[in-house]
Amino acid sequence: MKGRVWGAHLGLLALLVLAHFLLPDYHHNNVAKVMVLACYAMGYNIAFGYTGLLSLGHALFFASGLYATALSINLLGWSAGPALALGLVAGAVMAVAVGLLALRTAGVAFMIVTLMFAQAGYLTILYLGQWTRGDEGIVIAQGLRVVAGFDLSAEGPRYLAAFALFGAGLLANLWLVRSPFGRVMVAMRENEARARMLGYNPFRVKLASLVISGLYAGAAGAAYAVMFGYAGASLAGVQYSILPMLWVLLGGAGTVMGPFIGCLLMFYLVAYSANVTSASLLVVGLVLVALVLFAPKGLLGSLRARGVTWLP
Amino acid sequence: MDFGPFLLLALMEGTVTAAVLALTAVGLSLTFGIMRVVNVAHGEFFMLGAVLAWFVTHWMAGPPWLAFSVALLVCPLIVASVAVLADLLVLKRLNYQPEATIVATIGLLYILQQAALSFFGPDARPVAAPFSFRVQLPWFGYSGYKLCVVLAALAVLALVWLLISRTKIGLVMRATQIDRDMARAFGVNVDNVYAGVFGLGAALAAVAAVLVVPIQQAHYLMGGDPLLLSFIVVIIGGLGSLRGTLVAAVLIGLSDGVISTFFAPTLAKIIATLLVALVLVFRPQGLFGKAAA
Amino acid sequence: MTNELSLTPSRRRVLQGIMGTGALTATGFFPGFAHAQSAAPIRLGFQLHRTGIGASYGRWYERTATAALARINAAGGISGRPVEIQFEDDGTDPARGAEVFGKLATEAGCDLVFGALFSHVVIGTAPRAAELKVPYLVCSEGHHVASGMLNRWTMQPGITDVKSQVQAMAPFVTANLGKKVTMVFPDFAFGHDHRDYFTAAVAAQGGEVIAQIAIPPTETSFTRYFPQIPAETEVLYHVMVGPAVLTFVKEIGEFYGTGAKPQLFGFMDSLEAVDIASPGLEFLEGSHFWEAHPRYKQADASAAETAYRAAVGVDDNGASVTDATDIATYSHMFSVWETLSVIKAGMEASGYQGPDDRAKFIEAVEAMTAFDEGEDHPQGAKTFNGKTHQAFGIQNISKVEGGKLTVVHKTAIEDGMYPDEVDYTTQAL
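Chains as they are written, first to last, in our numbering: chain A, 1 to 312; chain B, 1 to 293; chain C, 1 to 429.
Hints are all accurate, no fakes.
What the simulated footprint calls covered on chain B by chain A, stretch by stretch (three residues with Cβ under 8 Å from a Cβ of chain A suffice, anywhere in the stretch; the number is not a length): (1) 93–99; (2) 105–111; (3) 114–127; (4) 271–283.
It is worth saying that the hints were derived from the structure and are not from the lab. Cβ coordinates follow ideal geometry from the N, Cα and C atoms, glycine included.
With the sequences and hints as input, model every part of the structure.
Written out as structure tokens, the structure is:
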């Protein structure tokens, strides 16, 4: 039982190491990007999939990490290492601030409050155009994208750094959901009233979950800035709040590997649908509708429902 | 310009915004109030109305007022049919479960946008106003058509109010809103009510769009702003409260014009957005909703 | 300072080993991975705004690129080799832009990539170009290239940047229209460039910008901003982009109506892909516009201009020859045509054989100093600054007369020159 769980997740990581040696350049870079974005999706999944917090404003946490890192490098002259750490913290701090207010609401109100906060964040980036260059965005010079001697703008180190981030996130996620606290998160999702009667403080549990989620999102945003060298307002827009939800739903909400699988599939669906049709929005729309209609539990969720019950 | 005329213009603009917003938001509020569905594709129904109006006026011969009148009748009907279809094919099968419907309507949003892009194209296209005269005030000129939009919107809102409060259809709708199971027990076909309400909500957005399209232009990405503003109005007004929605539309419409003259406009939008979030945090029932709604 | 991970070289070796045995290529698992032979066609990638807010431009950029490609191939291609263009939609999105660039450069094996217009796509993609060491030629009119924020692999040889455009324009405005200027512009980076450079340029001419009205990018209605225009304004300078531009121009007309109004000076971006004969735009009669390339065919149009217009399928009024309601983005799309001309010249000058010669291509373009007016450059002569990677051309100021735009002033190239802000040639290739 325990062996199978660890086997499956370590197996995925081993596959990704193997992929580093085997994939041609285009796919190699894609998978590196997917691993960073999957880290964002794992964060979203911790709030949404495990704790039942449907947020429409996670782009705010992602953008906090992205801009904290990018601006501290470009404006304050920090080196990439400390800037990355700042980005990680920024995501978590923003999650605390949003959570303290937004978690006073639930359900639809929570969705809209998070949406509004993220919209305010997006507009703030435009408003501070003097430093952020608003929608155009800023680049981080290639020479500054170096952490501990490793040039993260080069494909090899970048892939391995993305792998390290993703691997740490995945294993921490696995550990978290199998820990007592992880079970309390699920209890919140399934039946808040009962969890409260058992003596848990729902607000505190949800806040902790949201902050962990923000930490993941901030880490992914910070890594994005250094690895891909760009920060722009479009990465803080409403689309980047909806994307992680889409990835999580596709892969399977409340599964540890689901966010990565969903992100990978969606990435290639968008990349290759362009070869067949220019109607890429249609593809995304149809996938969403088909998912909620026919596979509301996502790929891994459906697998779990069909007998692979041990999947965490 | 002096402060007096300045304020007058801001108020006139605000009234037009408020009228159009009220129509759109009442549509959103109906679907939320009666069906408990957050329709993220509502802005796309608005867009669809405007785009269809372009097709109707573009392909119909005859004077502009005739083509426009036809558009005003036909477009909301088509949009309503699309909405009813979406309800029957997707939302009903999801049993109106809140999270699933949100995801489904996000999907619908993308599908409608792509349809508009493929068949209508990426350009912003103008629709001629049914008539054009300008009101020349001593300080500035103003479009006469815009003033008529306000009157038309008021008329449609009055019709909606009559429908809901004075007809049997309205009674059934209200009964379903209060207790869907009880309504069903009394022989109300709840499925039909839901489909009808979803269609009606979409049709209202389409009416608003047809009215506004001679002022703005039809464009396949135009649905985002009405959606966000309608959300704000519905929240401030109290989720599901029609009267609150109307009051909030007037409040938001008027204040939008006035606030943006005192602050940097982008800053004004940030403040307004944060205020909405805080209203929802501290008064989840909205400014005008009953407590413990 | 950087050290390549020891794993990286071995990744290459493993990969090449596998490719060498043909185990994976035989399965066709990685299409397009093999390098082009020197006799094979030259493949150019095109980053296309087919969807998203740039789609109106994208459609015309695609048509222009297709027409320019046909001309080049009919004349024997580049260095005798046929040329192909692979178009990929970037959704007018910077993140997608970088991904598409990677797809074109690595998977499709394109020799270089060109064509992007919107500044955020250019800026989001440029780091990827430097990482992959693949030339990236943009057709954007942004100041991002010449400002030095990008890198040696990114160039803009086909169109003048906005800083140069507004600087060249300012003397005409202050000398002929008025010295007290109010600016209306979108509240994001593109608008801020206009605000900063035009304000400085007007001040240099002894004029003054008395009010700057920034419009939030999500705005769809503008009338309520107009009262902020001071009454003593002599010139209203307006530049808007995106789907709401026509609303904006119409509402200015409604606002001033028959009353006294300042002189209007607009950037053509406010009306690209929009018919000047649209209802509600009658008031533009007598107002002035900047145009990079005159939309309406002028009486003194050169033979090259006439040939270009026919090749891209645009009639004398700036609309598609097959659909008079389909208005071209004429003031920008010539940059695609001219960029392809520069690509041809650069590849032939550097003796370009294949991807290994990409650095030689960059150096060959950097060595260029001037482009003559002609079929390669129908918009007009340009100078090219190899240090800043930016082209500088003439600008046109047109007046709306009888519902058409007539050029009343042409700037000199020197009017738009400014001191270099970067020397890209000092960066390593």
